[in-house]
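Chemist: Each residue of the sequence shown is one higher than the one before, starting from 1 at the first, in UniProt numbering.
These are calculated hints, taken from the structure and not from any lab test. Any given hint might turn out to be false.
Unchecked claim - The calculated label-pair distances, taken between Cβ atoms and stated as ranges, are:
| # | residue 1 | residue 2 | range |
| --- | --- | --- | --- |
| 1 | Arg304 | Arg446 | 36 to 44 Å |
| 2 | Ala117 | Arg62 | 50 to 58 Å |
| 3 | Leu431 | Gly296 | 43 to 51 Å |
| 4 | Thr434 | Glu329 | 24 to 32 Å |
| 5 | Leu431 | Arg186 | 44 to 52 Å |
| 6 | Ala436 | Arg186 | 47 to 55 Å |
Quantities reported herein were computed from a predicted structural model and do not represent experimental measurements. The C-beta atom is built at its ideal place from N, Cα and C for all residues, glycine as well.
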Amino acid sequence: MAATGLLLLVGLSRPNAAQPDLLPRGWAPGPLLPVTLGPATVTAVLAAAYLLGAAGVLVGLRRGARALRGWWGAGGLALGALLVAPFGSADHISYVAYGRILVMGGNPWVASPQTWAGGSDPVTSRVEAPWTEEPSVYGPAATLLHGLSAALGGPQLRQEVWVWQLLVVLAWLATRAALRAALPQRLHGRVDVAWTTNPLVLGVGVLGAHVDVVAAAFVAAGVALLARRPGPTGGLLAGAVLGLAASTKVTYGVGLLAVVGGVWLARRAPREAVARTVGLVAGSVLVAGALHAWAGPHVYDQLRRSRDAVSLATPWRPLFEALRGDLGEDQARSLVTLGAAVVAVVMAAALARATRPAAPQEEAGNRPAVLALWLVAVLALAYSLAAPYSLPWYDVLVWSALPALVPGTVDLLALARLAVMALAYVPGRVLGMTPAVEAASMGFRREVAPWLVLLLWVVTLGVSAAGARGGSGRWFGPPRAGSPPTPTR
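The task is simple: from the sequences and hints, build the whole structure.
Modeler: Structure, rendered in structure tokens:
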């Protein structure tokens, strides 16, 4: 609770180094606390919140906390989230700016916020670095939601952002509902520790109003449909929702791969597995295909241009800096991208060996969903660890799927990764820092975080090797006798 209170303090106060100025507020909530936190203060408050939050999550995961009763607790957190202004980045301004370009008749995958309307638009002109000159990198489903926010809230920036916050909070609540529907009741406590009350997920994802929360909700909903609607219609609907996930952010296409994998690993009759796979793929292709046909050929132009980006807090950044002097920037980026692909495969294999899904053979009804979420967690964590461009909110998908895993070292790996990245990106914005705060923030981001993430690579490989020697690696069958139950970035 202390960690969440500190996060709310940042969001309820006046604009600061973590929270961009969205005023005038119009009919949306404005600052409720008449205080302005200085750059050093807001950085310290956020760092303390994430450290306290990580400690609380660790205790909750180790002790196996009980599930929240009903929806009152989650509803209270949702209300708090809707009263704050988003913080930790200025990404939410770019979201609604792309939406405004869309509803005003432009193409957000071609026009940049800075150039739209000659730079005089009341919303797009307030986009902050590093997105002022960048067209959208988001998929058509996300952009339609951005457009909805702009249409309902425009033309005032704070109103548009608040509508977007409402969509994010609803997605966060929907994820909890989907996980409770997909997983057996004994895992609902892990759902609330890892997702609902996790201050790190709340801070970097929900209170930061990041699109990743929406994409994760689509993945969780697809898994829930897989669990609750086992027939052909359920497969088609699940595939359609997973198509929405991939059309929100392209990396969330991993959801379809994981769900198909869960169907086959559940060891159902081959005919049934084929039928469900066909339904899943067909539903996904129909929805994603229709959305991309509407969006046009430029949807991923900016994504292709930025695919070789290397963020500051990853282990790839020091290597990139060392290589580009001798090889040139383009070749150095290409080598880093290739290396990251190899490391991602290695990390995925290691995590698959080191973890187990939390559904025993006798829980046949939940088994495909649990296996699907296990694969989501493995693949998403491998990507977060290995990607050359990675930010704290990229871990949202990991934490939405983590409740489906047997508690173990993977909890610590995921927690350490998210905590390191959250600390590396406080206060978060490019603007508003004093030289001293910038030196401290960028120093940790550049000089400390990459080596801590590299250490997590080593630990992951070590845990995998130990699991293989101990015979506690992947597990799809019934338990053995005597075994326990189961750039500026």
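Chemist: Taking the hints in turn, state whether each one holds.
Modeler: Consistency of the hints with the structure:
1. Arg304 / Arg446: 36 to 44 Å: The hint (36 to 44 Å, Cβ to Cβ) is violated, given that Arg304 and Arg446 are roughly 27 Å apart.
2. Ala117 / Arg62: 50 to 58 Å: 53 Å, holds
3. Leu431 / Gly296: 43 to 51 Å: With a Cβ separation near 33 Å, Leu431 and Gly296 fall outside 43 to 51 Å, so the hint is violated.
4. Thr434 / Glu329: 24 to 32 Å: 31 Å Cβ-Cβ, so the 24 to 32 Å window holds.
5. Leu431 / Arg186: 44 to 52 Å: 47 Å, holds
6. Ala436 / Arg186: 47 to 55 Å: Holds, at about 49 Å.
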